[in-house]
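*Asks:* Residues per chain are reported as follows:
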Amino acid sequence: MDIHLAPDSAEAAAHVPHGDADHAHPTWSTYWKVALILTVITVGEVWAYYLPSFVASRAFVPTLLVMSALKFVIVVMFYMHLKYDHKLFRALFTGPLLIAATTLIALLFLFGHLTVLHH
Amino acid sequence: MSATVTHHYTTTGLDSRKIAIWAFIGSECMLFISLISTYLIYKGRSVVGPLPHEKWTDPSTGHTFAPILNIPVTSMSTFVLLMSSLFMVLALAAVQNKGRPLPANAGWWTRRLASSQLWLFMTALAGATFLGFQAYEFTSFVHEGLTIRTNLFGSSFFTLTGFHGAHVTAGVLWLLVLLSIDARRGLGPNDALNVDICALYWHFVDVVWIAIFTLVYLIR
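Which chain is which? The protein sequence lines are X and H, in order.
For the record, in the first sequence the residue sitting at position 102 is 362 according to our numbering, with numbers rising by one throughout.
For the record, in the second sequence the residue sitting at position 136 is 169 according to our numbering, with numbers rising by one throughout.
Rather than coming from a laboratory, the hints here were simulated on the basis of the structure.
Please note that a few of the clues may not be correct.
[Said to hold, decoys possible] No farther apart than 30 Å at their CA atoms in a straight line, the calculated lysine-lysine pairs in the DSBU-like style are these: (1) X/Lys293 / H/Lys131; (2) X/Lys347 / X/Lys293; (3) X/Lys293 / X/Lys343; (4) X/Lys343 / H/Lys131; (5) X/Lys347 / H/Lys131.
None of the values given here were measured: they were computed from a predicted structure.
Bound-form chain X, shown alone (with noise of 0.2 Å):
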């Protein structure tokens, strides 16, 4: 989805990477599809809370975590097109993301509060 427009000038042509607007772009029909799936996994984590025996199972915080995450990745691969984007644009993210989780998981540790994960 990224826009590609023609560059002013013929130095900037030079610098235009070549291939970038044939990347494959998602279709109307994508869009609608990612918009289900992100609705039927909310559905299921809300459906999950309302489980008390699958709430007080070792499996209920871990579920919903990856059910999160899958729905993170899916907009951000889809919706912000991450995925068709140009290789910058995803470590400009990931980087600063992974540094972050690292210092969430290190602050957890500390606290000695990652057993919030183990529920």
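Place chain H on chain X using the hints.
*Replies:* Quick look at chain H alone, frame taken from chain X:
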């Protein structure tokens, strides 16, 4: 319809505005993860209620507070925000394809899909609806005795969701500006990058909520 297009190519061949929005989103990831970290560190350490998932009885008055989180209402607002992301990609696609001839047999629905004004409006409306849900939630919490000063849960919860709500508000305003430009002179393929940048911000706000919904509302 077509304003003069100014390009901002960098030595990478990529538009500097697009690089800037991704760098901004990266920095926003750090902001929100720091807020989520704070919430998780304080989770379960409140000495007084109301509490998110458990009942709490005030020992001095004997008054019992029910679990304060309203999952059905928040699930609805989550669904609305997810749908707003769909509307946003449809708006961007409509702007990118503006001016392309529709098939001769294009039906009502195909013509609606090509309307950028409709989808920009729907996205802003969904964002405003989400904010309405949040205002309802905050108000009901205050009425039930939970404020930002009540306990650790209240402090970290209102800070985290309040920051997110402020971002949604900024996004709605941004969308309304784009909508007014579209109504005034029409947005076309030459404006697609500006709409794309707004869309990236909007989807980021959505993914932040995906994380908040699970970590704050669903995980006990």
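*Asks:* Could you run down the list of hints and mark each one as holding or not?
*Replies:* Verification of the supplied hints:
1. X/Lys293 / H/Lys131: holds (23 Å)
2. X/Lys347 / X/Lys293: Judged against 30 Å, a Cα distance of about 25 Å means the pair holds.
3. X/Lys293 / X/Lys343: holds (16 Å)
4. X/Lys343 / H/Lys131: This hinted pair holds, its Cα atoms lying about 24 Å apart.
5. X/Lys347 / H/Lys131: Holds. Lysine 347 of chain X to lysine 131 of chain H sits at ~28 Å (cutoff 30 Å).
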